[in-house]
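S.K.: Residues per chain are reported as follows:
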Amino acid sequence: MTAVPKTPDAGLEAQIGQWRGYVQRHRVISPDDVDELEGHLRDRVADLEEAGLTGDEAFAVAVKRLGVLDEVSREFAREHSERLWKQLVLSPELTQASPARSGRELGQVLALAVAAAVAIKVPELVGYDVTEDGPWYARNVGLLVLPFLAGYFAWKRRTGWARSLLLLAPSFALGALAANAYPYTDGGATEVLVVIHLPILLWLVVGLAYVGGDWRSHPRRMDFIRFTGEWVVYYTLLALGGGVLVGLTLAGFAAIGLEISSFFAEWVLPCGATGAVLVAAWLVEAKQSVVENIAPVLTRVFTPLTTLMLLAFLVAIPATGNVVDVDRDLLILVDLILVLVLGLLLYAISARHPQAPPDLFDRLQLLLVLSALLVDVLMLGAMLIRITEFGASPNKTAALGLNLILLANLAWSASLSVGFLRRRRPFSALERWQTTYLPVYAAWAAVVVVVFPPAFGYA
Amino acid sequence: MHIDKDLVAASATPLVLGILAEGESYGYAILKQVNELSAGEMTWTDGMMYPLLHRLERLGYVRACWRVAASGRRRRHYAITPAGVQLLSERRRQWAVVTHALNRVWAEAAPLAPATAVAGPSR
Numbered sequence: 000m001t002a003v004p005k006t007p008d009a010g011l012e013a014q015i016g017q018w019r020g021y022v023q024r025h026r027v028i029s030p031d032d033v034d035e036l037e038g039h040l041r042d043r044v045a046d047l048e049e050a051g052l053t054g055d056e057a058f059a060v061a062v063k064r065l066g067v068l069d070e071v072s073r074e075f076a077r078e079h080s081e082r083l084w085k086q087l088v089l090s091p092e093l094t095q096a097s098p099a100r101s102g103r104e105l106g107q108v109l110a111l112a113v114a115a116a117v118a119i120k121v122p123e124l125v126g127y128d129v130t131e132d133g134p135w136y137a138r139n140v141g142l143l144v145l146p147f148l149a150g151y152f153a154w155k156r157r158t159g160w161a162r163s164l165l166l167l168a169p170s171f172a173l174g175a176l177a178a179n180a181y182p183y184t185d186g187g188a189t190e191v192l193v194v195i196h197l198p199i200l201l202w203l204v205v206g207l208a209y210v211g212g213d214w215r216s217h218p219r220r221m222d223f224i225r226f227t228g229e230w231v232v233y234y235t236l237l238a239l240g241g242g243v244l245v246g247l248t249l250a251g252f253a254a255i256g257l258e259i260s261s262f263f264a265e266w267v268l269p270c271g272a273t274g275a276v277l278v279a280a281w282l283v284e285a286k287q288s289v290v291e292n293i294a295p296v297l298t299r300v301f302t303p304l305t306t307l308m309l310l311a312f313l314v315a316i317p318a319t320g321n322v323v324d325v326d327r328d329l330l331i332l333v334d335l336i337l338v339l340v341l342g343l344l345l346y347a348i349s350a351r352h353p354q355a356p357p358d359l360f361d362r363l364q365l366l367l368v369l370s371a372l373l374v375d376v377l378m379l380g381a382m383l384i385r386i387t388e389f390g391a392s393p394n395k396t397a398a399l400g401l402n403l404i405l406l407a408n409l410a411w412s413a414s415l416s417v418g419f420l421r422r423r424r425p426f427s428a429l430e431r432w433q434t435t436y437l438p439v440y441a442a443w444a445a446v447v448v449v450v451f452p453p454a455f456g457y458a
Numbered sequence: 000m001h002i003d004k005d006l007v008a009a010s011a012t013p014l015v016l017g018i019l020a021e022g023e024s025y026g027y028a029i030l031k032q033v034n035e036l037s038a039g040e041m042t043w044t045d046g047m048m049y050p051l052l053h054r055l056e057r058l059g060y061v062r063a064c065w066r067v068a069a070s071g072r073r074r075r076h077y078a079i080t081p082a083g084v085q086l087l088s089e090r091r092r093q094w095a096v097v098t099h100a101l102n103r104v105w106a107e108a109a110p111l112a113p114a115t116a117v118a119g120p121s122r
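Just so you know, the sequences run in chain order Z and Y. The opening position of the first sequence corresponds to residue 0 in numbering that gives the first Met the number 0, with each subsequent residue numbered one higher. The opening position of the second sequence corresponds to residue 0 in numbering that gives the first Met the number 0, with each subsequent residue numbered one higher.
Incorrect hints may have been included.
[Said to hold, decoys possible] With the C-beta cut set under 7 Å, the calculated list includes, among others, these residues of chain Z facing chain Y:
(1) E35
(2) E74
(3) E78
(4) P353
(5) Q354
It is worth saying that the hints were derived from the structure and are not from the lab. The beta-carbon is built from N, C-alpha and C at its ideal position, and this holds for glycine as well.
Using the sequences and the accompanying hints, generate a full structural model.
M.R.: Rendered as structure tokens:
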């Protein structure tokens, strides 16, 4: 190929400029990729001109050889699913259909939100009382709300009724059975464990609906992880905004002498909190590209801070004395911290550009994982000693199981991170490890919900 | 000649990796080389080359970096990684088995239809 700089051909430049604008509208093709394609186009045009074609002819042939743009961009989308996540449209038919459908979607979401809010109040109408039957509500809250979220995704992904039922109904039925058929002791540990683990299990079942039944696909699983992270952000924002609004309203009414706080506590709070589950999900789906800018910022802020906290913790535990005698609550608290670390790691992975070379942040992240590992091992030792000394209790066993699960995940994550930093492994290995691990959480949550209560005599 | 798209898809990775094993290259040059190697019989849709290269990059089989060409334009160059070399040798063994079996079965079968047989030597 000759690399003689050609005299710029104004007509050709204009055509290429136009073509570039057209390609850029396919947002799955990033600016760098457009540069790459443009370079290709220019090389092809140069070769064709050398073979005797005029500028116009050469441009036409070169563009044609690049392929139908929609097909090419679909191929790009398949490869770069993280870009697809920025709500990118695959084909023109979808773009044209979207205004009508998105209008219909909002209606659908609001209807589902109202239905979920009704579902949370129906038990009260048939005689349950939130204050007296608090434990019942706590066990069933996920079962009352999450089917609507699953229904939303089944509708949105057009999974079909029969398939959705087959996919989701067994897990929800099993959850309902475990939450209601077991004779729990009032305030027993197994009941509390079910209250904590059932929503987690059901959330992962919602994931099945989210991926449209395509649960074998690792990119789709990653999308669900992203969704979960963004959903938490949106839900928190909605809750904060709602809280401020409620506070102002209550204060306003109190100022004019009307006491409405019981109405708020009985109706506005439960219905609002329930409806917000669906609205937050819809916001994530509809406005993905907005929050996308928040996720990397949040992880960059909280990764170093969490690392500092863990390191301070590691120094503080031995300094205060015996590791074995640490409070039982501390063990559970540490488990929560480790869950937070894992969440942060997942969130960071889902927000990261998989092709970017390792940078300082990846090192920081490895430090976070390593310090979490140290804390985990320390706690694991304390737990094992407690169990051999005082015997197994539901809480200790659940904490131990969770600890082992987190240990396995963090240990292998650390090893993959080191491989990535040394450029021995691609970043995608870490991504894939996390998506492969997802079913483990579901399985463990299912074990705690279904097996623990009978195994520990419903205590 | 039109080659079935499944066959193109299956052979694309080893072909690209094989070309990159010879040395660093960029999308357009790789396509041209595929064209030359197959005596013009294999033509890919140009645009499809890039998602493939990006996939190989994500999986760690190739490494990419931007370089400035003599013409002053930026070009994305791809180079094979050790993992890519390993994959290539695996694929090579697999393809050897497949082509060996195909050659044997075709040695026993009837010769190719005349239309294709004539088209071959005419180049």
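S.K.: Hint by hint, say whether it matches the structure.
M.R.: Hints, one by one, checked against the model:
1. E35: 5 Å, holds
2. E74: 4 Å, holds
3. E78: 4 Å, holds
4. P353: Where the cut-off is 7 Å and the nearest Cβ of chain Y is about 6 Å from P353 (chain Z), the hint holds.
5. Q354: 6 Å, holds
Of the numbered hints stated above, none is contradicted by the structure.
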